[in-house]
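Student: Construct all of the structure, not just a fragment, from the sequences and the given hints.
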Amino acid sequence: MKRHFPLFSILLFLSFVSYAQDLNYPAMQGFSLKTNYPVYVPENLWDFINGAADNYLAYGFQDLHVAEYKKGKDIIKLEIYRHTDNINTFGIYSSERSPNFRFVNLGAQGYIADGAVNFFKGNYYVKIRTYSKKPKVVQVAETLAYKVADMLPGQTEMPALLSQFPSEGKKINEETYINQSVLGYSFLNKAFKALYQAGSDNFSIFLFENPSAGGTLQTVKAYLKAVGSDENIADEGKIVLNDKYNGTVFLAWKGTRMVMITGLAKDQSGIADRYASDILGSEM
Amino acid sequence: MKRIDRRGFLKTGLTGAAGLAISPAVFDSKFTNQNNIITRTLGKTGMKVPVISFGVMRADNASLCKAAYENGIKLFDTANGYQNGNNETMLGNLFKDVPRDTFYLATKVKPAGVDREGKPGPQTTAEDFLARFETSLGRLQMKYVDILYVHDISNVELLNYKPIINALAQLKKEGKIKFAGFSTHRNEHIVIDAASSMNVYDVILTSYNFRHDNLDELNKAIRKAAAAGIGIVAMKTMAGGKLVNASAALKWALSNPDIHTTIPGMTAFDHLEVNLKVLSDINLTDQEKNDLVAHSANPGLYCGGCSKCVPTCPKNLPIPDLMRAYMYAYGYSNPLMAHSLLHELEVVGNPCKDCNECSVTCSRNFNVRNKIADISRLGSVPAEFLT
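Quick mapping for you: the protein sequence lines, in order, are chains A and B. The opening position of the first sequence corresponds to residue 559 in our numbering, with each subsequent residue numbered one higher. The opening position of the second sequence corresponds to residue 115 in our numbering, with each subsequent residue numbered one higher.
Keep in mind that a hint or two might mislead.
What the simulated footprint calls covered on chain A by chain B, stretch by stretch (three residues with Cβ under 8 Å from a Cβ of chain B suffice, anywhere in the stretch; the number is not a length) [as the list claims (entries may be wrong)]: (1) 645-656; (2) 691-704; (3) 738-749.
Label-pair distances were calculated between CB atoms; the ranges are [as the list claims (entries may be wrong)]: (4) A:I791 <-> B:R483: 51 to 59 Å; (5) A:P769 <-> B:D327: 40 to 48 Å; (6) B:P428 <-> A:Y595: 25 to 33 Å.
The set of hints was computed from the structure by calculation and includes no laboratory data. Computed from a predicted model, the values in this text were never measured in an experiment. We treat Cβ as the ideally placed atom computed from N, Cα and C, and that holds for glycine.
Tutor: Structure representation (structure tokens):
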């Protein structure tokens, strides 16, 4: 174990200084502000959100700052979760959103539902909640959300890889990012997922971006082994497989990208072909 | 959208483990090795549950839950708040067409307005609690759930809170819940002990693991509750450790006959496969015992904040806070946060330097003196190096 703090280590840490240390919560007229919550870190997040914590930890949770705005019996709670990066932040945000919510232009994206105003921006996932039914209090919660969004640094765009999903048949606001165990396999990590409807068929597309083409091939081989296939593979290809857990899986890969499609029957390879090739390139 | 040639999937054709395929649309409730599955009765509920149940909390793959069900797991545990409700929706879509008497569903609803000490507040109302439960029931697409837990009780005041107790009674009367319970992971022994005499709660979901603080007190409370006919379900059996031998940790929990089932979280099929083996064999092997000893001896970095150490320190140092500073620095590589905390505590220099011997005892066996000596040096680092 490291026993001291050499100067270079301290300097190295400079780049990781948490902005959240210096949070300056917006004032809301008529509401008192209470900030005497601990800063939650991975080891004690359970104390605040119980079993839901595991999902946050899986998406690179760093710390959580909590504040309460109070006026009489009305309370608005502000929670600012910081994650390791923008993609993980989208991951946790998207795991909790529903297409039925009312989406608003907050940060990269936000929504309002049942007294909650949630959004993400950069590495921050912000959740604002009130149990008050008073319209004025709900309005203050929304105003607070916009003030916090202005206050926090970070990009206001969705992760770039999401734009690679074909728009035809894609269900709006149902894209997610799965950081671990895609399709239930420990070795399949870091995939964007989009849901599609083509006629009466519903299916899912998983898109992986590996750092290298070699990494893609390793992942393909690991998956083929897991489903009991001894197929020899080339640098790029398309295979349809019977996965004992996930049913029919269409697998395609090229370069640094890999696509898996589930929910289609084996005789629907034409649909899978169209979508996989649209993502990976028409020359496949 | 671009059109492409069709040589890809069509050329390659079918391959893979066709013999192992199952229809994704059809449930097969025939348990694998059903005769070997160890079950226990969940107290007076009479529910016979396999010793391994499924903590669904972050599983987003319905195929995983389906595989668990097909292999003999019967009780699936979710909560109103998990994935903002998406977890319940996933389970509802999965089980809506499955014979209702072949599985058990448990969910949890957290009362609104509970303060940091776990006490109910003005917003803790039956109306809100019932509304949240109705939302859960709708997502699950069920007429009833087998167990509804009040989520996260750590204070006897909330345990005894009449509006919530009355809400549970109402839901039972309406047939929307079979049994009522609560979950707890702070002050467990206190609330479990109190619940034993109440005749309100049928099931308790408690954190329980080989590294648990106050294990003797917790075991006593669990014994009392089980003797009173309350079903006991264990969670957090892995002690939060990713390196823990999962099978050993589960078997350790089940070595207590008062633990009727466990709800390990599973997100991958290899987790499931490990846990399924425990379904039919809960005896610890010598290797597993050794692993538990090794894990127990490594207390990690996290101070549980029991504060039992504080009175044993002649200087009355804020030891839990200092351990937290140590964790910030070494666990999270964030010396700035540790530095800030040290200055907030007004610790500059080693506060232990005048003591020849350390009288502090730590429930987690931390070497408190060494850790304080180590971390306190950071307080002397000029702030300009950190800000």
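Student: With reference to the structure, classify each hint as holding or not holding.
Tutor: Now for the hints, and whether the structure bears them out:
1. Here's how the region 645-656 of chain A fares: 4 of its residues keep a CB closer than 8 Å to some CB of chain B, so the rule of at least three is met and the hint holds.
2. Residue count for the region 691-704 of chain A with a Cβ under 8 Å from a Cβ of chain B: 0. That is fewer than the three needed, and the coverage hint is violated.
3. Restraint check on the region 738-749 of chain A versus chain B: 6 residues with Cβ-Cβ distances below 8 Å, three needed, restraint holds.
4. In this structure the hint that I791 (chain A) and R483 (chain B) lie 51 to 59 Å apart at CB holds, the actual value being about 58 Å.
5. Taken as a hint, the range 40 to 48 Å holds for the pair P769 (chain A) and D327 (chain B), whose Cβ atoms sit roughly 42 Å apart.
6. At roughly 32 Å, the beta-carbon separation of P428 (chain B) and Y595 (chain A) lies within the given 25 to 33 Å, and the hint holds.
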